[in-house]
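> These protein sequence lines are chains A and B, in that order. Residue numbers for the first sequence follow my numbering, so the first one is 1 and each next one is one higher. Residue numbers for the second sequence follow my numbering, so the first one is 1 and each next one is one higher.
Simulated from the structure, these hints should not be mistaken for lab results. Check the hints yourself; a few may be wrong.
Derived pair list, reagent style DSSO-like, types lysine-lysine, alpha-carbon separation capped at 30 Å [as the list claims (entries may be wrong)]:
#, chain 1, residue 1, chain 2, residue 2
1, A, K200, B, K267
2, B, K182, B, K227
3, B, K267, A, K220
4, A, K102, B, K3
5, A, K200, B, K206
6, A, K211, B, K233
7, B, K3, A, K144
8, A, K174, B, K233
9, B, K182, A, K174
10, B, K206, B, K228
11, B, K182, A, K220
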Amino acid sequence: MENKKKISILTGHFGSGKTEIAINLALAERKKFDKVAINDLDVINPYFRTRDVVELFKQNDVELIAPKDRLASSDLPIVSGEIYRVLHDPGYRVIVDAGGDKDGAKALGQYYNEWEKFHPELLFVLNANRPYVSTIEGAAYTVKQIENASRLKVTGIINNANVGGMTTMEEIFKGLDLSLRLSEELNIPFLYSCISSQLKEDATEFMQNQKVVFIDRYMKVPWES
Amino acid sequence: MGKVLMKGNEVLAEAAVHADCRYYFGYPITPQSELVAYMARRLPEVGGLFLQAESEIAAINMVYGAASTGVRVMTSSSSPGFSLKQEGISYLVGSELPAVIVNIVRGGPGLGNIQPAQSDYFQVTKGGGHGDYHIPVLAPSTLQEIVDLTMDAFDIADKYRSPVIIMGDGMLGQMMEPVEFKEKVESKQFDKSWATTGTRGDGGPKIITSLELDADSLEKRNTLLQKKFAEMKEQEVRYETYCTEDADYIIVAYGTVARIAMNAINKARETGLKIGLIRPISLWPFPEKPFEETRKRVKGYISVEMSAGQMIEDVRLAVNGHAPVDFYGRTGGVVPTQEEIYEKIITVAGGLKYEHENGI
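Please construct the entire structure, taking both the sequences and the accompanying hints into account.
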């Protein structure tokens, strides 16, 4: 197995949708690998974190590495020490969900030696419908800041354009355009677009020329059943 | 500008900027820190000033200073930090200064936790600081509503020369929804001749103070304040109703809890139970009209809260003995589920015997 296939780090601006993509990726990868671990390194958000769907991971036999028990619902800047175990175990497919922006990416910097050794892919998730990253300048600035804080280089860009439940293909096309321009500007490969599985039918035309990963949403508010 | 996906805390900040707020003083606390972070980045872009104070107490007194010059100013916090601001808020009322104060409520009392709650209801509606006063309190339930109510909050503050509170639970601050900032309409003009911006030999000195040593003078000031509160009670009531026309039972809920309750109401209606909703948008002044219109014909009300039974007191006052008022609430940062509210409806409206008088 190639080293870079083994570890995927999801990064992006604040509120880009990294967590949803990380969860979906972990569940999908579990079908290919016996041991999949998802690491919640989010030290930014107090709610709506990977650790909030602990039951989902249990059901799907995905190992969740995150602050446990009462520390799980704290807003302390802590990460679990267990990440080293899965990083160094060659049997694991590892997904890392970092917090947003440079502040969230900072938590990645401490694993510098591991990254040197294992060459993870660093994926930049872009939702063009969020403030400050809807322009090429804003998006490029965020990438640079994340790279500096994480001591890593972004290896791929993911288009995750959405406005929640009101998303239409129009947003996804616009997000694709921005992602492609960002890819060209920074000379970083564009990988694929993430689209809510609810838009599967609408995305038929888009899929003819574009690589698409359909995702389900797990971070829900109490009035969503 | 089209739809953007934002966090509630970011929407509060951006809406304030849209309302021409150019000054923000605050101190970070979960779960409202994104508001502080957003303002730190946003205000310099529009020629405003952001300052992270050394404490919540310092921040609210900086707000006092800025408000004295007649500018639009905001501060925000969450429960423990909001408690710290109470002295300053009382001073703002006493000195008749306009300002907008946001409280994104978390579980208490004390340090509590960082989960969503509505347990600061008494504090915001009954006067959290010292002295005889009330402050208009607006409680949005969607992120789009935050946009509108934040604009209103600044207008109400200027109109009455009074602080205005926007209260949401932690979930409202943390959740993401699409919002649209519509083309800006011309801001209303308010009299700011009282502002202490320096005299230029064009009149007597202007003084902003809440100190009034003479008892008769202070009573006069209180009388004026009471007049103002009476006018607010007349003019600034906001609420929404849902399916109350034919309702046998009415749920009373505000903020995000109203959205959860709505689903329970719809489910109950599917089974033939006639349930409605009154959603107070202004927590003070509390909307009495929708109760006056329904209290003689409904079989009862259920106050649903993320607190141990606080709004229920205002509901009882508004119902004034005409119908029974029941309660369902969760505390400590636990959010009531649709199923729990539905069960409560079934227990109360479906004639089942229920175990506790007060749900919790």
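> A separate judgement is required for each hint: does it hold in the structure or not?
Going through the hints against the structure:
1. A:K200 / B:K267: holds (28 Å)
2. B:K182 / B:K227: violated (35 Å)
3. B:K267 / A:K220: holds (19 Å)
4. A:K102 / B:K3: holds (25 Å)
5. A:K200 / B:K206: The hint is violated at about 65 Å.
6. A:K211 / B:K233: Violated, at about 58 Å.
7. B:K3 / A:K144: holds (26 Å)
8. A:K174 / B:K233: violated (47 Å)
9. B:K182 / A:K174: With Cα atoms ~21 Å apart, B:K182 and A:K174 stay inside 30 Å; holds.
10. B:K206 / B:K228: Roughly 21 Å between the alpha carbons, so the hint for B:K206 and B:K228 holds.
11. B:K182 / A:K220: holds (27 Å)
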